[in-house]
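Work out the full structure: start from the sequences and follow the hints.
There are 4 protein chains.
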Amino acid sequence: MISWNRYGKARVRLVKVVRPPAGPHSSQPHHLVDLSIDIQLEGAFEPVYAGDNRLCIATDTMKNTVYAIARRNTFEHAETLASILADHFVAQDAVRRVRITTSEQPWVRLSTDGRPHPHAFAQSGSERRTVVILRDQDGAVVTSGLADLVLLKTTDSAFAGFRRDELTTLPETEDRILATSITASWTYRRGTSDYGIRERIRTALIEAFASHNSRSVQHTLAAMGDAALNATDTIDEITLRLPNRHHVLADLKPFGLDNPNQIFVPTPEPYGLIEATIRRS
Amino acid sequence: MISWNRYGKARVRLVKVVRPPAGPHSSQPHHLVDLSIDIQLEGAFEPVYAGDNRLCIATDTMKNTVYAIARRNTFEHAETLASILADHFVAQDAVRRVRITTSEQPWVRLSTDGRPHPHAFAQSGSERRTVVILRDQDGAVVTSGLADLVLLKTTDSAFAGFRRDELTTLPETEDRILATSITASWTYRRGTSDYGIRERIRTALIEAFASHNSRSVQHTLAAMGDAALNATDTIDEITLRLPNRHHVLADLKPFGLDNPNQIFVPTPEPYGLIEATIRRS
Amino acid sequence: MISWNRYGKARVRLVKVVRPPAGPHSSQPHHLVDLSIDIQLEGAFEPVYAGDNRLCIATDTMKNTVYAIARRNTFEHAETLASILADHFVAQDAVRRVRITTSEQPWVRLSTDGRPHPHAFAQSGSERRTVVILRDQDGAVVTSGLADLVLLKTTDSAFAGFRRDELTTLPETEDRILATSITASWTYRRGTSDYGIRERIRTALIEAFASHNSRSVQHTLAAMGDAALNATDTIDEITLRLPNRHHVLADLKPFGLDNPNQIFVPTPEPYGLIEATIRRS
Amino acid sequence: MISWNRYGKARVRLVKVVRPPAGPHSSQPHHLVDLSIDIQLEGAFEPVYAGDNRLCIATDTMKNTVYAIARRNTFEHAETLASILADHFVAQDAVRRVRITTSEQPWVRLSTDGRPHPHAFAQSGSERRTVVILRDQDGAVVTSGLADLVLLKTTDSAFAGFRRDELTTLPETEDRILATSITASWTYRRGTSDYGIRERIRTALIEAFASHNSRSVQHTLAAMGDAALNATDTIDEITLRLPNRHHVLADLKPFGLDNPNQIFVPTPEPYGLIEATIRRS
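Protein chains in written order, with the numbering used here: chain P, 1 to 281; chain L, 1001 to 1281; chain Z, 2001 to 2281; chain E, 3001 to 3281.
I should point out that these hints are in silico values taken from the structure, not numbers from a laboratory.
Treat each hint with caution, since some may be false.
[Stated by the list, open to error] Examples of chain P residues toward chain Z, derived with CB under 7 Å:
| hint | residue |
| --- | --- |
| 1 | HIS88 |
| 2 | VAL90 |
| 3 | ALA91 |
| 4 | ASP93 |
| 5 | ARG99 |
| 6 | THR101 |
| 7 | GLY125 |
| 8 | SER126 |
| 9 | ARG129 |
| 10 | THR130 |
| 11 | VAL131 |
| 12 | VAL132 |
| 13 | LEU134 |
| 14 | ARG135 |
| 15 | VAL265 |
Predicted, not measured: the structure shown is a model, and the values here were computed from it.
Just so it is clear, CB atoms sit at the ideal spot from N, CA and C, and this is done for glycine as well.
Next comes the structure, spelled out in structure tokens:
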């Protein structure tokens, strides 16, 4: 006998970009909401447990509902979106009680040249500062770096013109989200002791990411590496590791909705991974 | 100047089911391979870093390649699949060196009634045994359970006949992979002290999962709960929490390939989550 | 035959507090360094692999060395500490090559009343904003909150006067590090729609943590709850969950060193966990 | 006003070894229990929230209580230990309600030469099979391996006679727990295609771990490497990475209890890390 039951979809990932009306390259600021949403329904679903699915709302449909409702509505706070979702599901057959849970990842707008950037953001907290020292009888090699600096830009990123073969299905895009978690390392020239230089390199990496008109992750990586080398003459090369944190445009056409770069699904795997060393010419 | 570069796709997830020729309900054993694959290319990709993508093999294409090659080839060992992938990529323009990495998740075939089951498997290692004791002046309530017992069956699972509305896109299926990570808990009648009964409950849960002809996760949950209650009279109810570890059939049509339930993509999020308490009638 | 070997200690955790000379309650700022350090040695250690330990520096000794060297030296950058460690180990018998790796967790100084706080810090990045909506035919209950807001203060925290029994070994302390990862949730009165109030609650929690003269985690929890209730009349209660992220004073006496609240070992487990609901009287 | 409160210690880690009476090197089997325990108390603790700690049982004392009670009592099931703990805490001043939670990590007894081993165990589930293929125009190099194979032995492991300097505090021991999470990799001679050989290598590693009379992790590593090379002539070297999963003997002297290698505290960090390549002579 079913004495209690609840079911739903967990970890529906939603990134919504609110873009200014004038177009993607406007200097008006973009706004970004990054949510993980859980939907749980309680109700008279006993027949489902006996093998009769007629009352069952597929959890896949719940996921679709999140994206469609996020597209149709404006909301400043996650509470508002969650309320609209709750109203939607409580009106369905057999549902007695709805629980909507959201967990919001805050993003901080980047500043470049002392001004807030219109469309570049950081997750400040995961970053670590790294050091590797290799020491033998001949002395020490000091390599500094940073790890897990998460950046995202909502425009000024394209990926088009790449090779196509019979296994290629990816559409070209002139405007996408570019997000990554930067790992960088650089080796100081022997004798360097001004380790405060790390801040200058870090700022150069971030500003290059934000301001670059990107044709690919590789293209942005090279710009970031060049900027770091230009920021100081205490290093001669820098190695960058940029996983591509894909944000897939949600397909809303089945619901009769367009999606002009507003509703994205961040996907944890698989992910592109671009690594290179940029050396002073 | 680009002094070193490497790029590719990481964590391409592949589950391949090798099924006996006679059809899904045969008693011949299915075989299961569960891999996470990384592809990394080195070569003359410098133009990509300058913004010219013509030589760039999209990492999305690398992902597609894994699924197409896994469909077209038979392999007993991951080494063989990795070798075929390496041969494929080393023959592409600009590529000088290929690195293929695989990490294989072992699955252990379940036994039921003392015989190896044809299509039900476990990941034995993540499981934990749990206990919660609530104690006040009136005495103790002892709840035992298990957590993170990962099971998978390659057939005898359907999901069809569910409610469709304008936000429903999920196709019906009469044959899918069913995988879950079981959390279960049950409270003993006061005075019970034979805690070895846990093994009987656990066996009942596993055998019910394996032998059930499933119409939904809910349907299987109820069968598992009933089996547990039938296995012992020391408990009167059991609560089960079954996340649906979705395995999506890879879409190989763009490559001119069919996919008769052989090549699956396990997806970590979002996931369905089914919870219920089954009580003795 | 040993053709290559390397060994050492990984994840030696060090928190060093640099305190102003005038005493713990001075308004001069404290500084905080939070490192995870790996030490790896290569050298002529072949006899150890044959069972002869005479050349073996125990990895436990490497851990002790980190704490002793961190106490004896001043350093502004992790690179400096790592260099001193590398110099120490490369001078030991049998060692040919030393690799020191550090990963630094940045902490951001809190501001209270618009001014930088002398001894309270945050790890900004792990925080999430949470919402739970429970909806049935009678309407919705909206609960907002935050999770994983990591705060630390280097003084103004004591734990003394607690019950002692024959199983108590913890010494009393009038000055310790207090660190926690805050989870908080509050339910709005029906009809509330100004969800921007969350920022006022969050600020109240942070400022109370920073400014409170703490006798225990429980004591600080109550002060935080009261501050949140005083910050808004849209909520009547708040539930707080404060794990105690213990920072154990390193015992440097075996090395002839004192440790006036400078060198701490953060320990991940076990941890105290304090939970309570504070309701408006 | 405190309307609800609960506090306690979380993740108290306990490994208890039940050893046969005749001594550590007997062939009688050892038994192993591996638990993580949470203790939570509810009661009249309001004064603690006001800064008066006299009623407060320190969570550190709760941790001590676990180890002392685990030493004083025999138990076959975690439910029994949890019940004794609950009885202990419910009898304390101010306590109204106790919640004891345990999570048990199962260990599987190893078999060697077809017989159950008296004191060597595995956590079967975390293991992965790994492959790395490097491919260029000259052909492919195939490296296979395994990762995260967790093994533990409760005796036949010593660490003594190591170098002592003024920073050494580790006592010598002739009998300790040895636990590790093995990562191994080996490169096949060109032309090898019998990848099933991996099972023979894996068995050799496990049997060497179990049967070796260990003077150090390094000593065991060499024995494992030699065993792998002896198991097959398709490889010429093997690289092993053995983190030392330390199990610290709990200090029960303050409670008037001895601890003849029975009650251990597994510690996650820091950890020793031993790596080497063993080549065929």
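Hints and how they fare:
no., hint, in the structure
1, HIS88, "violated, 10 Å"
2, VAL90, "holds, 5 Å"
3, ALA91, "violated, 10 Å"
4, ASP93, "violated, 13 Å"
5, ARG99, "holds, 6 Å"
6, THR101, "holds, 5 Å"
7, GLY125, "holds, 0 Å"
8, SER126, "holds, 5 Å"
9, ARG129, "holds, 4 Å"
10, THR130, "holds, 5 Å"
11, VAL131, "holds, 4 Å"
12, VAL132, "holds, 5 Å"
13, LEU134, "holds, 6 Å"
14, ARG135, "holds, 4 Å"
15, VAL265, "violated, 19 Å"
Figure legend: structure checked against the earlier numbered hints; hints not met, in rising order: 1, 3, 4, 15.
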